[in-house]
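Number of protein chains: 2
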Amino acid sequence: MNKTLGIGLAGFGTVGTGVWETLERNFDLISNRTGVRTEMMRIAVRDINKSRPEGAPVEKFTTDWKDVVNDPTVDIVVELIGGTTTAFEIVEAALKARKPVVTGNKALLAERGKALFALSREMNTPIHFEAAVAGGIPIIKAVQDSFVGNRIETMAGIINGTSNYILERMTDAGLGYPEALKEAQELGYAEADPTLDVNGWDAAHKAILLATLSYGFSIDPAEVYVRGIEMVRGIDIEFAKRLGFVVKLLCVVREHENGTVEIRTQPSFIPQSHVLSSVNGVFNAVAINGDASGESLFYGRGAGKGPTASSVVADIVEAARGFAQEAGHRGFLPYQTEGQLVPIEDTETPYYVRFDVTDEPGVIAKIANILADAGIGISGTHSPVNADDPDADFVDMVFQLHTCKFGLLKDTLKEIEALNCVNSRPVVFRIENLG
Amino acid sequence: MNKTLGIGLAGFGTVGTGVWETLERNFDLISNRTGVRTEMMRIAVRDINKSRPEGAPVEKFTTDWKDVVNDPTVDIVVELIGGTTTAFEIVEAALKARKPVVTGNKALLAERGKALFALSREMNTPIHFEAAVAGGIPIIKAVQDSFVGNRIETMAGIINGTSNYILERMTDAGLGYPEALKEAQELGYAEADPTLDVNGWDAAHKAILLATLSYGFSIDPAEVYVRGIEMVRGIDIEFAKRLGFVVKLLCVVREHENGTVEIRTQPSFIPQSHVLSSVNGVFNAVAINGDASGESLFYGRGAGKGPTASSVVADIVEAARGFAQEAGHRGFLPYQTEGQLVPIEDTETPYYVRFDVTDEPGVIAKIANILADAGIGISGTHSPVNADDPDADFVDMVFQLHTCKFGLLKDTLKEIEALNCVNSRPVVFRIENLG
Ligand SMILES: NC(=O)c1ccc[n+]([C@@H]2O[C@H](COP(=O)([O-])OP(=O)(O)OC[C@H]3O[C@@H](n4cnc5c(N)ncnc54)[C@H](OP(=O)(O)O)[C@@H]3O)[C@@H](O)[C@H]2O)c1
Ligand SMILES: NC(=O)c1ccc[n+]([C@@H]2O[C@H](COP(=O)([O-])OP(=O)(O)OC[C@H]3O[C@@H](n4cnc5c(N)ncnc54)[C@H](OP(=O)(O)O)[C@@H]3O)[C@@H](O)[C@H]2O)c1
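The listed protein sequences correspond, in order, to chains R and H.
So for the first sequence, the UniProt record's numbering puts the first residue at 1; every next one is plus one.
So for the second sequence, the UniProt record's numbering puts the first residue at 1; every next one is plus one.
These aren't lab readings, by the way, just hints derived from the structure by calculation.
Predicted, not measured: the structure shown is a model, and the values here were computed from it.
One or more hints might be untrue.
Copies of the same chain look alike in the list, so a pair counts if it fits in one copy or across any two.
Claimed, not checked - Straight-line Cα separation of at most 30 Å, DSS-like style, residue types lysine-lysine; simulated pairs:
#, residue 1, residue 2
1, LYS3, LYS114
2, LYS410, LYS241
3, LYS66, LYS241
4, LYS241, LYS366
5, LYS114, LYS50
6, LYS414, LYS96
7, LYS96, LYS3
8, LYS405, LYS241
9, LYS405, LYS366
10, LYS60, LYS405
11, LYS405, LYS66
12, LYS114, LYS414
13, LYS241, LYS414
14, LYS96, LYS114
15, LYS60, LYS366
16, LYS366, LYS114
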C-alpha cells in the first residue's frame, strides 16, 4: 500500500480520543507492521468549545457529521458517538457512499443492525465492530474468523464490567447494591446513568451480536430474555457462596439439537471452580465451545479508552487492507530485517535456588556470605530438608533471592558450587510475578 | 466467490485427519458463512497401506508430496507432516508455485522460517500458521491482527500441554517426574519420544514465533535461553506451594525500554493468585499486555485433532479469501435470512429461588407441595433467614431446585406467589453448571 488512508471520525469522547492517541503514538509501528498509513481527516463532535486533550487536532473538528462522511479525503468512517439515531444516519450515509465503517456501538447494531447489515451487503462495503463487544478482547474476530470452521455449541460471557464490578463488591466487601453502585460511579466504572449496564441490556446487546455472528440470522431484541442485577441481594450472594457458587451477570448462547438458539442474560449462579467465576472487577470474559476447537476462553478489559481503541484500530487496519491491491504485509513476516535480543545474563527476576549440600554446621553462612559479597539479597532460606531420608548426609537447602541479573546469579552460583559442602549444580527457578 | 478451492494436503496423521473431517462435517456451514467452498484434491502420506479412518479419501493418496504441490487443481498447500526437512521442501515448492501455504509446523518456522518468510514475501504468497502455536487458541491472529495497534509489552505463555500435564500431576498427585511422564505417555498426552516437549524446545519454538510476530525480526533459536522440566523435583513443587506459587513451564517475551527483546522458556514459579496458575492439564494459555489493550488472556486446548484442525481450517478460509475478488462475506452479516430462537420457557437449568415469606409454621410444606405437584424436584431448602433483623415477621426462604423448564417453574411460582404466606414475587437465579 502506498496510499495514505483518510480516516473520518465521528465522536471524540472516551473512545474517539483513545483512537486518535493510539494512531498517533504507534503510527510507525502500525505502518511497519502492515504497510497501512492512516491520517485523521475530519472529526465530528457535539460541542466544539469543549476543552480537549493537549494537542488534539481541533482544526479538524466540525459539529456536522455530514462534513465527515462527505469529505472526499475520508476513506473510512469511524462512528464513536453512541446512541441509535444520529449514529444510524452516519453509518447509513457512509455505507451509501461505499465508505467502510468501523464502530463500537453495540446498541446500534443490536437494535438496528438488520437494516445496516443488509445495506452493507448491498453496497459491498463492510461494517467492522470489534470494539462493540468486550472492549479490548478480540472476540468478534475469533467468532467470525478463527472459529469459522466450528459449529458454535455454547458461548457464556461476562460482558458487562460495571455489573461485574458491583457484584464483586457485594461479594467481597459485603456492600449492598446501592452502595456498590455508588462506589462504581465514583470510580468512573459506571456512568451517571447506569441503566443499560445494571438492567442487563448492554450485555444483552453484545450477546445478540455474538449470536448473530455464530448462527447467521438477525435477532430481534424484543425476543430476548434479559434480567439485570438490581434484584440481587446480599443474601443471594451469601447463599451462592455457601453452596459453592458465585453470582455473575451471565450471557448464555447455545444451539439446541434442532438448530434453534437459546439466548439469555441474567444474574446466575456459576460454580466457584469454573474459570469464569474468577473474572473480577471490570474485566470481561467469554467462553466458547466449538465442535472442533473444544473449550476456549478469552479474557481482558471490557471497556475503557485504551482497550476499546485497540480494537477500533485493529478494525481500521482491516478496513484499510480492503483498499490495498495486495493483501498487505500480513503473512509476509518478518517485517524488520534485524532486531536485538536481550542476553539472558541481563534479564532479571527474583529466584528460588535449591542446593544439594552436605548436612554440616556453617553451610548456610558460607552460602549467604558469597551471596552477600555479590550484593544479592536473600528474602528467605529454608534449612536442610530431605523428604526421602531424614538421616541422609546430603540434604536440599532452599534460598529465595531478591531480584538480580541472571548473569550475576550465575557467576555467584559457580563460586558457591565450588564449596566443598555443595555437592552438585544448584537448581534455579525464576519467580515470575507477572505484574 | 464462485470458484471451489482446491486443497492439497501433505500429511494425514492426527491433524491432517482432523482437517479433512472438519471440512467434511461443516462444509455447508463454512460455505454459508464465508462463501468459501473447498475440495480436497490430493493427499500425501508416508505409507499408503496404513489403515485409515472409515471413509478416508484414499483414492487421493500419494506418497510423493510433489504430486500434491504440482497438481494443477491444488490452489492451497496444507503442510501437516512435521519435521524440518521434507516439510521445508514442500513449503518452498508451494511458495515458488505461488500457492499459499497453511502449516502447523512450529519447528519448521522457528528453525528455518527466515528463508521461508523471505521467499513468501518475494513470491507475494502468504504462509498461514495459526495451528503452529497453542492449537485451537487463535493467538497468532490475535497478535498479528487484533493487537496490530499495540506495542506488545509482555507475553507470558503456558504453551506446552505435555509439560503442563506432567507438572500438574507432580503438584496434585505428588507423582515424581518419571511416573508423571509415563502416565502422560499412557494417556496419549506425550509422544513416545517426548524430548521436544520436556526439554522446553516445543514451547520455545512457539515463543519464537510469537516474538517474531510482535517485534518483526527473525530470531535465531541458538540465541534463545531454554530449559525444560526434567530438573523439577517434588521438593521444588512443595516449596513453591508453601511460598504461594505454582511451578509452570513458562515462556516469557518482553520488550525492554531500549527496544531489545527478552525471550526465554523455563520452569518458573508463578503466583497462585495469577490466572495463569490455574491453567491445568493439557490446556494452554497466553497472557498478552499491549500498551493500549492492557492485560488480556487467551485460553484453550493447545493440541489434539479437533482444536488444531479448527485453526488449520480458519487459515484455509483466510487463504481462500485471498483468491476472491471481493472480500468475501465477512462483515456482510447476517448470512441467513432467518433462524429460530428457543422460547425462554423451554430453556432449562437448575434454579435457586428466594421467597419472602411470613414466618409461620407450615410454610415450607405449602411451597414444597406445590413444587411436588408440578413435578419439580427440590435439592435443598434453607429455612427462614433474616440477616438484617432476626425478629422480623418477614423472612427469606431459599429453595434449590432440580433442572426443569423455565416455563414450568414460572407457572408454578405464580401459584406459590398466590399463597397468603408469600409476600412478594419470588426471585429466581439460574444455576449454570457451564459444563
Ligand atoms: N467507553 C467505553 O469504554 C466503550 C467501550 C466499548 C464501546 N463503547 C462505545 O463507543 C461509543 C462511544 O463511547 P464513548 O464512551 O467514547 O462516548 P462519549 O465519551 O460520550 O463520547 C461521545 C462523543 O460523541 C460526540 N457526539 C455525540 N453526539 C454527537 C453528534 N450528534 N454529532 C457529533 N458528535 C457527537 C461527543 O461530542 P462532545 O465531545 O462534543 O460531547 C463525544 O465526543 C458508544 O457507542 C459506546 O457504546 C464505549
Ligand atoms: N498433534 C497435534 O496435536 C499438533 C498440534 C499442533 C501442531 N501440530 C503440528 O502438526 C504437524 C503434524 O502433526 P501430527 O500430530 O498430525 O503428526 P502425525 O500424526 O505424525 O502425522 C504425520 C503425517 O505426515 C505423513 N508423513 C510423514 N512424512 C511424510 C513424507 N515424507 N511424505 C508424505 N507424508 C509424510 C504421515 O504419513 P503416514 O500417515 O503414512 O504415517 C502422517 O500422515 C506437525 O508439524 C506438528 O508439530 C500437531
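### Task
Hint by hint, work out which the structure violates, then give me just those numbers in ascending order.
Structure breaks hints 3, 5, 6, 10, 11, 12, 15, 16.
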